[in-house]
Structures are given as structure tokens and as C-alpha cells.
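Participant: Each chain, letter by letter, is given below.
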Amino acid sequence: MEARAQAKLDGDRGVVSRETLPLHPAKRATLLEECRGYLDHHCIFRSPPGPALLTAYAGGRARWQLYMPVATLDQEFMRRIALLFWDKHLPEFRRQPFQLCGIESGGVPLACALQAAAFAMGVTVNAFEVKKAAKTYGLLNWLEGIVHKDVPVVLVDDVVGAGLTIRTHAKRLSGFGLELAAAWAIVAGNPAFPPPRKIKFGQRESVVQTLLGPHDLNWTHEQYVAKYGRPPQFIGVTR
Amino acid sequence: MILPYDKRQKLWEWCRNYIDREAIYRVDDTHPQLVGKNPKGNYTFQFYLRRATFNPYFARAIGLLFWDHFHEQHAKHPFQICTPEPSGPPIGAAIQAAANVLGIKVNVFSARREPKSFGLDNWFNGKVLPDVPVLMVEDIAASAPFLLRASIRVRQKLKLPLHANYFTIVNKVGPYFRKENQHTENYLDGELVALFTFLNFAKNAEDFAWKHGRKQNWTGIVA
Numbered sequence: 001m002e003a004r005a006q007a008k009l010d011g012d013r014g015v016v017s018r019e020t021l022p023l024h025p026a027k028r029a030t031l032l033e034e035c036r037g038y039l040d041h042h043c044i045f046r047s048p049p050g051p052a053l054l055t056a057y058a059g060g061r062a063r064w065q066l067y068m069p070v071a072t073l074d075q076e077f078m079r080r081i082a083l084l085f086w087d088k089h090l091p092e093f094r095r096q097p098f099q100l101c102g103i104e105s106g107g108v109p110l111a112c113a114l115q116a117a118a119f120a121m122g123v124t125v126n127a128f129e130v131k132k133a134a135k136t137y138g139l140l141n142w143l144e145g146i147v148h149k150d151v152p153v154v155l156v157d158d159v160v161g162a163g164l165t166i167r168t169h170a171k172r173l174s175g176f177g178l179e180l181a182a183a184w185a186i187v188a189g190n191p192a193f194p195p196p197r198k199i200k201f202g203q204r205e206s207v208v209q210t211l212l213g214p215h216d217l218n219w220t221h222e223q224y225v226a227k228y229g230r231p232p233q234f235i236g237v238t239r
Numbered sequence: 001m002i003l004p005y006d007k008r009q010k011l012w013e014w015c016r017n018y019i020d021r022e023a024i025y026r027v028d029d030t031h032p033q034l035v036g037k038n039p040k041g042n043y044t045f046q047f048y049l050r051r052a053t054f055n056p057y058f059a060r061a062i063g064l065l066f067w068d069h070f071h072e073q074h075a076k077h078p079f080q081i082c083t084p085e086p087s088g089p090p091i092g093a094a095i096q097a098a099a100n101v102l103g104i105k106v107n108v109f110s111a112r113r114e115p116k117s118f119g120l121d122n123w124f125n126g127k128v129l130p131d132v133p134v135l136m137v138e139d140i141a142a143s144a145p146f147l148l149r150a151s152i153r154v155r156q157k158l159k160l161p162l163h164a165n166y167f168t169i170v171n172k173v174g175p176y177f178r179k180e181n182q183h184t185e186n187y188l189d190g191e192l193v194a195l196f197t198f199l200n201f202a203k204n205a206e207d208f209a210w211k212h213g214r215k216q217n218w219t220g221i222v223a
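Chains A and B, in that order, give the protein sequences.
Sequential numbering of the first sequence, starting at 1, is according to the working numbering.
Sequential numbering of the second sequence, starting at 1, is according to the working numbering.
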């Protein structure tokens, strides 16, 4: 282990990734299916038949809830997501460098993992965070990290529901004088709102890009059992 | 230890210098007083460590310095990592990214400051490994007891044992701080492993100017 570790640490940049981009289409499809499967099998808490067990966001009860941190804090899931992200966005980055902005709290581990994967491939990408609310002391800041005024921003979050959160933060960043290049999320997660999620960058209208859409996942216990013939196994922490 | 002495020192010094230049706000004649947590009080300095942990080189260095210290222990007695939100997750990501480089598998989960208000009303995010000790990781050990509260919840709600250590980038300890507010002096029962103390940095704007030969001037916009 020591010799192997040492070999990998040689050089300040520590360029270590053995992954080669662009991905072969078959490899890309495999990675995408592995990520989809991980989310579908492990990251959705589904109430079994009977009374709904979950508290709904808007009050009342809910039958399912997607827990993206189960995936975004998973080492192997995020390695795959980073490959899929950079497979698409590295050519764009080389044409026009951008910085990543993770939306608190789901977008933060995502932005960090994308940044780290780029660094391992020899690409330096700046990242920062936009907070849910401004800090109530100190500099009363909305942003955490070093923010470069003249570098376009790609806003990232783990999941986009109806799109309100990502639109609010896009508007906020524009208000700080930042140019928004794109908005990206792993999954469009609310089947009640089919894509595309439209978003405005200043005067320009765009859509939130996602790897997976709401119809890629089986949201309810019944849908899951019908598809896979077995009950789901949520692996996230429930306390 | 997996880093040779000179490499470790180089990474440590690079990180120390980066924090000193970019991640501590110090009040002077051009930098106004900071609003304190108590609205009646003001701060003369404040750490903004996410200005460092969102830097890719800093993140890599911190990840390597972490594993330099803990890799041997982890190989013998695997542990998982809990990072209190909001400032812990970037460090958890840095540790995980360095683990990828070193071929180490490590589980990371995060502790919320308050339970989620919907869904499972959960205090933690991610997944936990049963019976595997939890190493708490945070950016700074300061007077606010977030690390302590999160570690108590790990024991009480998850029924998981704590690792013998805590890890932070900075331990806010030194002659400028009251001892009763210092983690290492009172309520953490594990040993705190910190890469830096406040003594490693310029204590105020005047000290910074003397050490660096210029006034402090952060890069990037502050908003």
C-alpha cells in the first residue's frame, strides 16, 4: 500500500485518473444505467401499502421521498456521475472555462466531487457555494468560496423538482453580476412536473440539464414492485 | 504516514499560507468591523474556510494530509466519517477524493444542524455502516459546539461508536481565546487532531501586513 500510495502521490498536481474522455457510447450508457439503478434501488424511501409514512414538504403525508445524499455522498456513485458530467462538459470547458456553483445543501458535495474529478484529470475548476440564506453574522454573505467575477457559472444541484430553487439562485447570482452559463442537476425528480425545467439567465431562456428524468425512476412502492418483482430496499439513514 | 517529510511539510505550508492569505477576514481601516453572532458585538476577524476548501489544490492537499495521518489506522480499524453541515461536507468530499487516489474505500455521511422538516425528519444525510466507528470531521473547532452536538447525536440516534479522534483543519486555540471556549480544554472526550491552530496565522491586519509585506486583499467577489 505504501509504495502504491507513494507512486500515486508523485508530482504536485497528482494527476492520477486513468479514465479517458470522451466515453465510448456503450460505456456512457452503462454508467448512466448504474447511476439510475443506484438511485432507484437505494435512494427513494417508499411507504409500503397502507398509510403514508412520510411527512410531505407542503404538509400532510407523502408516499415517497428521494434522498439524494445517499448517492452524492457515495464514493463510487459520484465517480460515475463526475465521468458522465465531464464527458459532456469538458469540451465546453476547454472552449470557455466556467466555475461550478453548488446550491446548499445538495449541490455542495456534487460541486466538490465534480471539481475533484476534474483535478484528477489535470483540469482546474473553481467552485463555490450559494447558501439557502445569507449568513446572519460576519460578512452577511450569500456565497461561500472564492468567486471569480469574470468566469461564467454552471449552477449545479443534486435534484431539480419544479425548478423554483434553481431559478431563485440563478436570479440571485445574476444580481451579483455573475454570468450564468448553464444549470445542471443529476435528476429531475418530481414526476408531477415533467421536463423541461425552464430557467432564465438574464434575458436568455434555457433549460436545466439533467442526466435522468422523472420517468427513469419508480417512485412508489407499487411501481417498484411491479417493475422488479421485489420490495425496495432503502439504504439511507432514517434517523 | 504515507507522505515523505518534505512533501508533507510542503503541502502543510501551502495550506497554511493559503488560509492566512485567503480565508481569514481581518478588520482594518479598509475592512469594516464584522457583525457578531450576538448583534451587540463585533468581530475583528473571522475564518471563512470554505474559501479554502473549495479550492481544488487545497482540497487535494487536505485530503492527502488527512490520509497521511489516518490511513494506517483506517487500514487496521476501518472507520466512517461524519461531516457536520454546512462546512463539513466539502472536507468530506476532499477526503473521499483523496481516498479515490489512494485506493481507499471510506463511507461519508453528514449531520444536519436541525432535522429535515419533511420526509423522514432525519438528522443525518447519506448512509451509515452498522457498528463502524465514526470519525467526526469539521473545518474548525471553535467555541460553538456544533461538532460536539453532532457527535452526541451520532451516539444517541445512530447508536454508533465514535472514533478515538476528531479531525478539524483549524483548532481555534491560542492565547487570544478563553480556555473554557476551547474544544481541547473541555468537552470533547476524544483527541482532536487539527492541522493548524490560530498561532499558525497572522493574528490581525497589522500582523498580516508585517508578515506578508502588504495589506490583506482577498481575491474574488464577496457577496
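Don't read these hints as lab results, they were simulated from the structure.
Some clues are possibly wrong.
[Claimed, not checked] Derived DSS-like pairs (lysine-lysine); straight-line CA-CA distance at most 30 Å: (1) K227/A - K7/B; (2) K105/B - K135/A; (3) K132/A - K40/B; (4) K132/A - K37/B; (5) K159/B - K10/B; (6) K171/A - K131/A; (7) K179/B - K105/B; (8) K131/A - K37/B; (9) K215/B - K131/A; (10) K88/A - K135/A; (11) K37/B - K171/A; (12) K131/A - K157/B; (13) K131/A - K7/B; (14) K7/B - K105/B; (15) K131/A - K203/B; (16) K149/A - K215/B; (17) K227/A - K131/A; (18) K116/B - K132/A; (19) K135/A - K157/B; (20) K37/B - K149/A; (21) K198/A - K116/B; (22) K37/B - K135/A; (23) K131/A - K40/B; (24) K149/A - K7/B; (25) K88/A - K105/B; (26) K116/B - K37/B; (27) K157/B - K132/A; (28) K135/A - K7/B; (29) K149/A - K203/B; (30) K200/A - K135/A; (31) K105/B - K27/A; (32) K135/A - K10/B; (33) K116/B - K171/A; (34) K198/A - K179/B.
[Unchecked claim] With the Cβ distance kept under 7 Å, some of the chain A side facing chain B (calculated, not the full set): (35) L32; (36) L90; (37) S105.
[As the list claims (entries may be wrong)] Cβ-Cβ distance ranges computed for the label pairs, FRET-style: (38) R204/A - Y43/B: 25 to 31 Å; (39) Q73/B - E92/A: 40 to 46 Å; (40) R230/A - A75/B: 31 to 37 Å.
Computed from a predicted structure; not experimentally measured.
We put the CB at the ideal spot given by N, CA and C, even for glycine.
Participant: So, as I understand it, the hint says L90/A touches chain B; can you test that by seeing if any CB pair is closer than 7 Å?
Facilitator: violated, 15 Å
Participant: K132/A and K37/B: Cα distance at most 30 Å?
Facilitator: holds, 18 Å
Participant: Measure nothing beyond the straight line between the CA atoms of K131/A and K37/B; if it is 30 Å or shorter, mark the hint as holding.
Facilitator: holds, 17 Å
Participant: Do the alpha carbons of K227/A and K7/B lie within 30 Å of each other, as the hint requires?
Facilitator: violated, 53 Å
Participant: Can you confirm whether the C-alpha distance between K88/A and K135/A stays at or below 30 Å?
Facilitator: With Cα atoms ~34 Å apart, K88/A and K135/A exceed 30 Å; violated.
Participant: Holds or violated: are the alpha carbons of K131/A and K157/B at most 30 Å from each other?
Facilitator: It holds: about 27 Å lies between the C-alpha atoms, which stays within 30 Å.
Participant: Given the hint that K37/B pairs with K149/A, test it: the Cα-Cα distance must not exceed 30 Å.
Facilitator: holds, 28 Å
Participant: Quickly compare the C-alpha distance for K227/A and K131/A to 30 Å and report which way the hint goes.
Facilitator: Not OK: K227/A and K131/A at ~38 Å, beyond 30 Å, violated.
Participant: Taking 30 Å as the top limit, are the C-alpha atoms of K105/B and K135/A close enough?
Facilitator: Violated - the C-alpha atoms of K135/A and K105/B are around 34 Å apart, more than 30 Å.
Participant: Need the status of pair K171/A, K131/A: alpha-carbon distance at most 30 Å?
Facilitator: holds, 13 Å
Participant: Are the Cα atoms of K215/B and K131/A separated by 30 Å or less?
Facilitator: holds, 29 Å
Participant: Mind checking the alpha carbons of K135/A and K10/B for me, to see if they're no more than 30 Å apart?
Facilitator: violated, 34 Å
Violated hints, in rising order: 1, 2, 5, 7, 10, 13, 17, 24, 28, 32, 34, 35, 36 and 38; the structure is consistent with all others.
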